[in-house]
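Novice: Each protein sequence line maps, in turn, to chains A and B.
Here the first sequence is numbered in my numbering, starting from 103 and rising by one per residue.
Here the second sequence is numbered in my numbering, starting from 15 and rising by one per residue.
Source of the hints: derived by calculation from the structure; they are not laboratory data.
Treat the hints with caution; some may be incorrect.
Below are the DMTMM-like pairs computed for lysine to aspartate or glutamate, each with C-alpha atoms no more than 20 angstroms apart in a straight line [to be verified]:
(1) K452/A / D481/A
(2) K165/B / D337/A
(3) K162/B / D321/A
(4) K106/B / D231/A
(5) K237/A / D481/A
(6) K188/A / D311/B
(7) K285/A / D337/A
(8) K480/A / D251/A
(9) K493/A / D394/A
(10) K330/A / E318/A
(11) K516/A / E502/A
(12) K357/A / D337/A
(13) K162/B / E318/A
(14) K213/A / D231/A
(15) K165/B / D293/A
(16) K213/A / D311/B
(17) K162/B / D293/A
Every beta carbon over 12 angstroms from chain A, so not counted as near; a handful from chain B, in silico [unchecked claim]:
(18) A135
(19) L236
(20) Q364
The C-beta atom is built at its ideal place from N, Cα and C for all residues, glycine as well.
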Amino acid sequence: MRLFTRPLGAACLVAALVIGVAACGSSGGGGGGSSAPGVTKTSVTVGGHFPLTGPAAPGYSEIPRAIDAYFRFINAAGGINGRKLKIIARDDGYNPTNTVKVTRQLTLQDKIFAMLNGLGTPTHTKVVDFLNASKVPDLFVASGCLCWDEPSKHPETFGWQTDYLVEGKILGQYIAQHFKGKKVAYFTQNDDFGQDGAKGFDQYLKSQVVTRQTYEPGDTNIGPQMAKIKASGADVIAMMTIPAYTALVELAGLKLGFHPQIAVSNVGGDPTTLAGLLKAFSKGKAGASLIDGIITAGYLPPTGEASNSWVKLFKKIHAKYIPKLPFDGNVEYGMAVGYTFAQALQKAGKSPTRQSIVSAVEGGLQPGPGLVPFRFGKDSHAGYTGVQIGKIKNGTIVLEGQPMTTDDGSGAIKPYTKSQAAAPANGIPAGT
Amino acid sequence: MATRVDVSVTRGGAARRVVDHTLLRHLAIAVAAGVVLWLITLSLGSFDNIQLATMGYYFVAVAGLTVLTGLNGQISLGHGALMAIGAYTTVKLQSGPGWPLALILVVAVIVTALAGIAAGAAAARLRGPYLAGATLALAVGLPSLADKFPKFLGASNGITVPPPTVPSSLGATFPLERWQAWITILGGLATYVLLANLVRSRVGRSLRAVRDDEIAAELCGLHVPRTQVLAFVISAACAGLAGGLFVVVNNLAAPGSFPLSLSVAVLTGVILGGLGSLMGAVWGAALIVLIPTWSDDLSKAMNLSQNVQANLSIAIYGLVLIGVMLAAPRGLQGLIERIVGLGRGLRANQQRSRGPQRPGKEEKSEP
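Bound conformation, chain A alone (with noise of 0.2 angstroms):
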């Protein structure tokens, strides 16, 4: 086989040269004598990484859509300050590498105003120092990790839900109190989720812990762990789990007829999610039954509880825009940061910039449809500061007590006592 014919080898260098510049023609974005790249006279353009094929895609690709909604929803009602809110989500696959290849798409090539709502621990971290190098808004990230929240090292990043250790801490002294002197084992997921969750459980249940099982995402059988947790005789598992794990640690309590109480995280505790997965699992042999009792938390409105203001405008939101997708947990987590990315912009001025929509994110938020509050602020750039606990009931979560915050370290759990402000009904935040 010949390998190389010489004038053939030349004329194909050049053409694969051209081929290449032919090929990166890009589209620029960003208007003429604007504020800022992404901010034109009539719209605002934002853009966020997302799994949208692949494992972690069922679910999470939902929320782009929901924010999508929410965006539009406003813009039917004028938009804010009169621009047009559009995000453009990209698919990274949850894979680290098309990560930072879409992060430079879409702040080099689309020209996007801010990072909204980038997807995931092991892939945002990826492009955290890029995003803050290149000075663009990196709001609330859709993860629970503490890494969020470095306002010298990381200025332009925000977190945005729960962090886990704070949820493991809030959720350890509810069974520490429900459940004095019994036996727990802990569940999680062996990454920074677990770690930091266990982290807050440690703060409460460590004199009843009687077994530490790990998983590694991506391993479906967990039969090994089951069977040490069952041998530990352990009456509570708590749980850091994502949706799929929380199923399986059920239909292996199932097999092995084992029904301990299930303590588990906001991310691994949303009821729709949760019935879709134990029928696709079993075929649907087992029913959403088998999730009543699972106590949970959330600092979210829980989905089923139609009397509150902002459930009744994501379902309208829902009914309108993205009907076809089922109304659970996902989709009103991207309408709630759709909520916050209009406030944070409605605070930002009349000619928001990247530097003005940051410091109206420092001037602090309200939580909207949050239970809890943010704790935005200069030397803080960490989310919403607590949970409620929750069981789910007849496949909703029914809530219990109060909501509860607390902080990243030995603080004390303490109740919020503030009621909920109404939603808005045309979506769009009160002026400030």
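Mind docking chain B on chain A? Use the hints.
Specialist: Leaving out everything else, chain B in the frame of chain A:
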């Protein structure tokens, strides 16, 4: 053919010597390509320079695999894992003793080549689907090693390193992306020169001899398993460099970055470009970088719902692959050679048909 030599003789000896001398010729091509690429990077925007840099590291990986598969007949579905070895070596060294990047890349190549010896020794005993299966296991299994050594390899989150520093002599406003493109282009050109010479050398001939007929090769005195391991090591060294350049471009090493689909993408590049051809590796690398970007833009431009959009781009990618395979079973390079060959054949035919009518000088000049 004789006429062409006559022309070059009349044009002068120096040019002819460069063209006929393997090493000089490849060096000349590399320098010419380097100059053109350098000019291109100056005209490109930041994101496009990154795309070019991405093509650069994919070219290195694809070129390495095309030598293994095209010239030695061994298949590997594990090149993504070998790239991971190169990448992890690079990030560990970059966050370590403060060595210059060039040295780090060389070490990454050596480490991966050593891993290639182990993998190659196993591979030399396996054939066909068994070899594919074994290398597949490497691709699936190796990245999860990071979970077993969370302190050292950063578990599922991986390790992040700062981007390479642009030399201050280039000026304060010099774009980082262009610098990253330059580094990978340099790596790609070095790979090209080394591989192009290697495959035209005795080693290259023995690789092909083993591929074509192992018994005949053995009868000629070739040590077949050793040749096969050697091919694997060469290929692994390239994957190691590709992994190092991957870090230069993406500044990270994480298990999620080296999924099975990466190994498949590299193999796809080999097949698309043309099995066994270095020029084909250029095409292949360009296609595996550009097709997803294009199909993504295309599906976005069609203004469909987000769910359809995301999956459509994968479908378009698949359709393009099928289309290329049907239109050009020997890859793009094969297609080009066929078209050029067709042109030559036509010209030759015309000459031959004119020949009997005008017997004269032309006829005599043919040997």
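Novice: Output the indices of the hints that this structure fails to meet, ascending.
Specialist: 1, 2
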